[in-house]
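Trainee: Now for the letters of each chain:
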Amino acid sequence: MLSPYIPMLTTIKSIVSENGVNDIKTYELVFKNKEDEEKFDYIPGQFAEISLIGKGECPIGIASSPTEKGSIKFTIKKMGTVTSAIHNCEVGDIIGVRGPLGNGWPIEELKGKNIIVIGGGFAFSTLRSLVYYMLHEDNRANFKDITVIYGNRNCSEILYQDDLMKWERMEDIDVALTIDCAEEGWDGRVGFVAPIVEAVSPSPENAVAIVCGPPIMIKTTEDVLDKLNFQPEQILESLEMRMKCGIGKCGRCNIGEKFVCIDGPVFSQAELRKMHGDR
Amino acid sequence: MVKQMGDIQAENVEIEKKMREVARSLLIEKEVDVIIGYARGTVPLSSSPIFIKNVEDIDSLIWDNLCYVNLARYVVPPLTEFVDNEKVELKVGIVSKGCVARALIHLAKEKQVDPEKIKIIGIPCNGVVNRRRIEKELGEKEVLEISVSNDQVIVKGKDFEEVLPYQDYLNELCKTCKVKSPPMSSSLSDVIVGESIEISSVEDDFSDLSEYESKTPEEKWEVITELLSDCTRCYACREACPMCYCNLCFVDQNKPIWFGKTSEMSDIIVFHLVRAMHMAGRCVGCGACSSVCPMGIDLKLINRKLEKIVKERFDFTAGLSLDVMPPMMTQKMEDSEDFMLGEH
Amino acid sequence: MKEKILKKDQVKQLHEDLSRYYSFYAPTKVKGNIVFKKITNPEDIELEYLNSKIPPKEILFPRMETLFSYKIDEKNIEIEPRTDLEEKILIFGVRPCDAYSFSLLETFFNFGQFKDDLFMKKKENTVVIGLACNTPRATCFCTSLDYNGHPHRKDDVDIFLTDLGENYLVNPISETGKAIIDKLAWLSEANNDDLQKAEELSKKAESLISTKLDLQHTAEILDPSFNHPLWKEVSENCLGCGTCTFLCPTCTCFDVVEDVDHYNNRGKRVRIWDTCQFCLYTLETSGHNPRNTKIERCRNRVLHKFNYYPKNYDLIGCVGCGRCIHLCPVNNDLREIIKKINAIKNENKKEEVVVA
Amino acid sequence: MNKAVVESKQDEEWQPKIIAFLCNWCSYAGADLAGVSRIQYPPTIRVVRVPCSGRINPFFIIKSLIDGWDGVVVSGCHPGDCHYISGNLVARRRFAIVKELLDFIGIEPDRVHFMWASAAEGELFAVMIRKISELVKKLGPNKKFEKKW
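Residue numbers (my numbering), protein chains in the order written: chain Z, 608 to 886; chain L, -11 to 332; chain H, 24 to 379; chain G, 37 to 185.
Bound-form chain Z, shown alone (with noise of 0.2 Å):
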């Protein structure tokens, strides 16, 4: 058995930068052995450890669907020295993967259902990961109906804009992009993601609200969801903390007795109502 420490080695295939600053990008990366590849299962909201050698390691979460084959996608932002380090990487180059980590988002329960997906800003991408899996033909009859609220700072921001183009030019989902400000040249909504949710106004009814985002943008938009009838149950967001394992071991992402990187990053409302912790 090979031991969980040890990352699989990729290389990149390609880096998008995603914003204007140039301070996230998308990576797209291609396994060294296919063997890996098979092995490195996942279902979306689920994350990896992404490693430099030499540098460290980070958890991200997985930004592409387990639906496009021949690569995994990471969207990483510049924050600390790995992250730092991977920005000055090259294609080519070779990045170590540990994973696929977490629980994920809960696909098998989400069945059936009529799924919102709610971002704000770089949080997105494992909510890309659900969405394109959730619009894969395969998958795509599993489901009711489809809304995605994304939010951002200003129009420079948004992750994804091929992707997002191409679902609202769909017909069987439902898109609504907004900016907290008002911009040249953007004729989409405009205001905070809390407010265009009561705007959409989705219905609790046989409903699941995905949240994921900046923590002042979840408390706001859960007080909204929670007006518009929303059981705790029906809510799910994805948490982060600092992590050095991801399997558990090290100890420090706990809250209560539940650890982020095994338990989680996924809870329900409902679950951390009950969670007694730090975070």
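Keep in mind that the hints were calculated from the coordinates and are not lab data.
Cβ atoms here follow ideal geometry from the backbone N, Cα and C, with glycine treated the same way.
Among these hints, one or two may not hold up.
[Claimed, not checked] Computed spacing ranges between beta-carbons, pair by pair:
#1 Z/Ser763 to H/Asn312: 26 to 34 Å
#2 H/Glu307 to Z/Gln768: 22 to 30 Å
#3 L/Lys166 to H/Asn315: 36 to 44 Å
#4 H/Ser233 to L/Ser198: 43 to 51 Å
#5 G/Pro79 to Z/Gln768: 47 to 55 Å
#6 L/Leu126 to H/Lys30: 26 to 34 Å
#7 G/Tyr120 to L/Arg28: 52 to 60 Å
#8 G/Pro78 to L/Gln155: 52 to 60 Å
#9 H/Lys30 to L/Asp139: 43 to 51 Å
Take the given structure of chain Z and dock chains L, H and G to it, following the hints.
Mentor: Same frame as chain Z, now just chains L, H and G:
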């Protein structure tokens, strides 16, 4: 100035009594909100810092030869409390032997404590017993009781009793300490139990260092490696140090990562070396770092060297007066350049 | 009779015989501290000891352990997994509380979908020879723990020794232990007197443990006490050092760092002990820290052992060795903390908010 | 930086690798003058230009030693000439302590050097570097901080 050794225990009892009285009146008259002092430890060879807010608890305050923690460590950042949802800085009375008071004076100089909020309850100290040495030397016998009388430390266990000479079993730094009581300092409001001392400079020949300093670099490296080889990097020395108040220690900095966090010898030495560097002109020689070390590493060599450097180069001793600028906060045109490469 | 007698001067012989097959670890004195080290000279073995300062977990979960090493050659990277895990380890003279800590660590490292292969492999290859504790410290409280802790507990070892004064009574426990004893044909037979003496010592040792803690309900009391003012109180004089956790036989938290050798273009990824008492432990890159003050950090340590462990693994994460009690620089006594927690039971159970 | 160290290890005849922190206003210009005036000095130093000697965190010096540099030299403006009035004076106190402590833990005193060199002292700069190179060469490679493998 060697004081005649009286009965240490009797002296301590006397001081303890007076200290409680002073503390009680400070609390009753609301001159302070909280008293930081020492309480009896639950295990022998220890004492426990205690925060007293109620007058009823005053009798938990103790004073003996095991009050090794430097209490000045607890006032940076200042103690606060929420009153009606508003953060209020507390007025603190601190039981202070010489080194605690020196630390407070130096912290005031570094603008880390507000002298207005601090009341020094000055205590004449007759040294702290070297608990780690006793533990180590008694080997695997469990000490259950320790007392000091006249010039003896009496250590008792299940089926043994040892009498140790008091002067020998003091903390290494207490042996060379010249400032046992708080130095008088005009702008820190003091209450002194017992006599206070007026001291503006300390004379010392640092003869205890000469043996080490005469070694070759290789020998020195060997001694230091040997000394620090047990270090587990628990950072108890850093945490117990009143001068280590940085929000983010250089050890914890990760942009950039200055050096490794591993327990390799080179990393351990760098940690202690750089910590020492930061202590120059600031170390008050309380010896708390050595007393708290779970592995019993005695850092006195380094502490003494720091004292020597600043004394000899800048004629400065940390924490004696609020009027003198600490050497690392100022500079002079005519500072010595003997360490530099000249044209000669 | 399966029990044997090992004369004290035969320890040398035992070392000689066993170190041929095993890396022989035993307590030894290094600069006044008892620690477990690999023994090459049997004279160094120190068996008359209370308990080691650093727990023997250090052998299986070292302060610094390589996860894997690598070579960097321009753009190519070659990963080399650990190859030294097959080393046969023998740990001699382990106190029963520390021997139990091995079982406890095994439960933890083997839990869940991902197993810690480094620890598990080493544990598999390890033989533990326990040594009865005839002289418990005043701070010991193993008998209060849920694992039937006892200074003469034999369950977690392969061979159990009892110090009878002149000799050690050798008691093979596991199959491995029996096999080893069979090989040591020179051991003399024990008689009933020896067994009886061991029995007496066991009773005596038990009576010497003066600390009795009620840990029956601690886990459930802790459940609603997350925001209790108690935590501020118990953390008030905490320094925030890592002594209690580094020297705890059950603490397992680690940090993963890179150790690069620039000289030779190689490096290794290592794990080093880390502790929940440090600010960096949970500090996120964004600057947010879920456990920002020592109140939360002290709380995490206690809850982890006395609430999260029972919930996750159905056992208390403490062996009762008392190291954190007598080594804490400011004497922040765990026993007092437990007593304070137990006192909550009688309080009104309404939740109070900590004023931080 | 580390590449340089690696190369030095492969050289046939051992040459020390010395890192030099030079202040922008005086010493760096001094080194420049030495170059422009074609004054020869050994190619052992690698220059890091800093705004002022006061910018030099003692950790720069220690980190250089950890990373395997055989020698460190720090040079700034002469006292009184500092572009920032007193940066070099502040630095001088710091360096005094660094030097003493390094000596104290057993790093050979000749590994770490401090000097002043003005923009006009190209000749002096070269002389000093020659001297320092000799001293460091005599000490041999810096192995104290090398990690065990």
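Trainee: It remains to establish, for every hint, whether it holds in the given structure.
Mentor: Checked hints:
no. : hint                             : in the structure
1   : Z/Ser763 to H/Asn312: 26 to 34 Å : 30 Å, holds
2   : H/Glu307 to Z/Gln768: 22 to 30 Å : 28 Å, holds
3   : L/Lys166 to H/Asn315: 36 to 44 Å : 40 Å, holds
4   : H/Ser233 to L/Ser198: 43 to 51 Å : 48 Å, holds
5   : G/Pro79 to Z/Gln768: 47 to 55 Å  : 52 Å, holds
6   : L/Leu126 to H/Lys30: 26 to 34 Å  : 27 Å, holds
7   : G/Tyr120 to L/Arg28: 52 to 60 Å  : 54 Å, holds
8   : G/Pro78 to L/Gln155: 52 to 60 Å  : 56 Å, holds
9   : H/Lys30 to L/Asp139: 43 to 51 Å  : 45 Å, holds
Consistency with the previously given hints is maintained throughout, with no hint failing.
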